[in-house]
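Asks: My request is simple: use the sequences and hints to build the entire structure.
Each chain, written out:
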Amino acid sequence: MPRDTFQDVSDDALLVLYANGDASAARALTLRLTPKVFGHAFRVLGDRAEAEDVAQEALIRLWKQATDWRQGEAKVTTWLYRVVANLCTDRLRKGRGVALDAIPEPEDDAESPAEAMQQKSRQAALQEALMELPDRQRQAVLLRHIEGMSNPEIAQIMDIGVEAVESLTARGKRALAKILAGRKDELGYSDD
Amino acid sequence: MTEKNDMDALLNDLFAEAKDAPEAQVSDDFMARMLAEAEAHQPQPAAMAAPVAERGFLASLFETLGGWQGTGGLIAATMASVFIGFSGAEALTLDGLQTVITGDTESYISDLSGGFTFSTEAE
Chain A
1 MPRDTFQDVS
11 DDALLVLYAN
21 GDASAARALT
31 LRLTPKVFGH
41 AFRVLGDRAE
51 AEDVAQEALI
61 RLWKQATDWR
71 QGEAKVTTWL
81 YRVVANLCTD
91 RLRKGRGVAL
101 DAIPEPEDDA
111 ESPAEAMQQK
121 SRQAALQEAL
131 MELPDRQRQA
141 VLLRHIEGMS
151 NPEIAQIMDI
161 GVEAVESLTA
171 RGKRALAKIL
181 AGRKDELGYS
191 DD
Chain B
193 MTEKNDMDAL
203 LNDLFAEAKD
213 APEAQVSDDF
223 MARMLAEAEA
233 HQPQPAAMAA
243 PVAERGFLAS
253 LFETLGGWQG
263 TGGLIAATMA
273 SVFIGFSGAE
283 ALTLDGLQTV
293 ITGDTESYIS
303 DLSGGFTFST
313 EAE
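The listed protein sequences derive, respectively, from chains A and B. Numbers 1 to 192, taken from my numbering, label the letters of the first sequence in order. Numbers 193 to 315, taken from my numbering, label the letters of the second sequence in order.
Hints were generated in silico from the structure; no laboratory data involved. From a predicted model like this one, the values you see are computed outputs, not experimental measurements. Fair warning: there could be bad hints in the mix.
Claimed, not checked - Simulated crosslink set (DSSO-like; lysine-lysine; CA at most 27 Å straight-line):
(1) 184(A) with 211(B)
(2) 64(A) with 94(A)
(3) 64(A) with 196(B)
(4) 196(B) with 36(A)
(5) 196(B) with 75(A)
As the list claims (entries may be wrong) - Stretches of chain A that chain B covers, calculated by requiring three or more beta carbons in the stretch to come under 8 Å of a beta carbon on chain B:
(6) 9-18
(7) 53-67
(8) 76-86
(9) 180-187
Positions of the beta carbon are idealized from the N, C-alpha and C atoms, including for glycine.
Replies: Here you go:
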């Protein structure tokens, strides 16, 4: 995959270059932002095809916004994650639910033999556990713990207060711990 | 407490691994599509240049005269001319102008008679 040749250039500055017709800026910005947007959408939605649709739509909105972009006013990633969050919420509200239904219940140990679990990667287990969280909790946990964003930034993205973010991430993490507690051995963690 | 610490450690490890998890990586095919999209939506420099507005007669005249400086000078000169026209008209009549050019109407005190009238007879 091609590399980002503008490593020291901010997203903001690249977007201005993009708006000025700089083809290399278009390439650099796409290579930089697509993995972030897609990765987040995938973890929120639990479905690659849906995540691709969301990522594509979010980036097209950014390209259309480029000529009107006011440098220094907002972070490109914050703006973009906000669009992704809204698009994901819309899709989740429309009762997509396919990926959720497809994911087996992790606590249903009676019908979920250990050997089946062993075939799953730790990441698949995490994704399954994430999909059990309420949508807003899942988004907050992902933004905080996987995207590594600050609480004020998450508050902007999710259009809520910082305290609400703290509450969502704390509850989300507790819920994840509870879901995964019974699967520690499968995940390679034992009490010994 | 130990159980909680264990779970915190487990979750932190899983979160760290998730950042590079292959499941959440973009496929080459999708990236190629996104690169094409970015190019397709990119504003073209020619399209972005401000359209040259058609200039009217006055605007063209203004520019031909040299912009603000030229037009300002022209207006000042015009106003000065109008002022001179009102205040010093006699000095600028044709006769007056003639005296300036030819200098043949000089008058001297000796030309005056005793009564301080101009003498017109030869002595």
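Asks: Indicate, hint by hint, whether the structure satisfies it.
Replies: Comparing the hints with the structure gives:
For a cut-off of 27 Å, the pair hint linking residue 184(A) to residue 211(B) stands: about 20 Å separates their Cα positions. Restraint check: the Cα-Cα separation between residue 64(A) and residue 94(A) comes to about 26 Å, which is no more than 27 Å; the hinted pair holds. A distance of roughly 47 Å separates the Cα atoms of residue 64(A) and residue 196(B); the hinted pair therefore is violated under the 27 Å criterion. Restraint check: the Cα-Cα separation between residue 196(B) and residue 36(A) comes to about 30 Å, which exceeds 27 Å; the hinted pair is violated.
A C-alpha spacing of about 36 Å is found between residue 196(B) and residue 75(A), which places the hinted pair above 27 Å, so the restraint is violated. For the segment 9-18 of chain A, the proposed coverage by chain B is not satisfied: 1 residues have a C-beta within less than 8 Å of a C-beta in that chain, short of the threshold of three. Look at the segment 53-67 of chain A against chain B: 8 of its residues bring a Cβ nearer than 8 Å to a Cβ of that chain, three or more, so the hint holds. Coverage of the segment 76-86 of chain A by chain B is violated [criterion: at least 3 residues with CB-CB distance below 8 Å; count 0].
Requiring three or more residues with a Cβ within less than 8 Å of a Cβ of chain B, the coverage given for the segment 180-187 of chain A holds, as 4 such residues are present.
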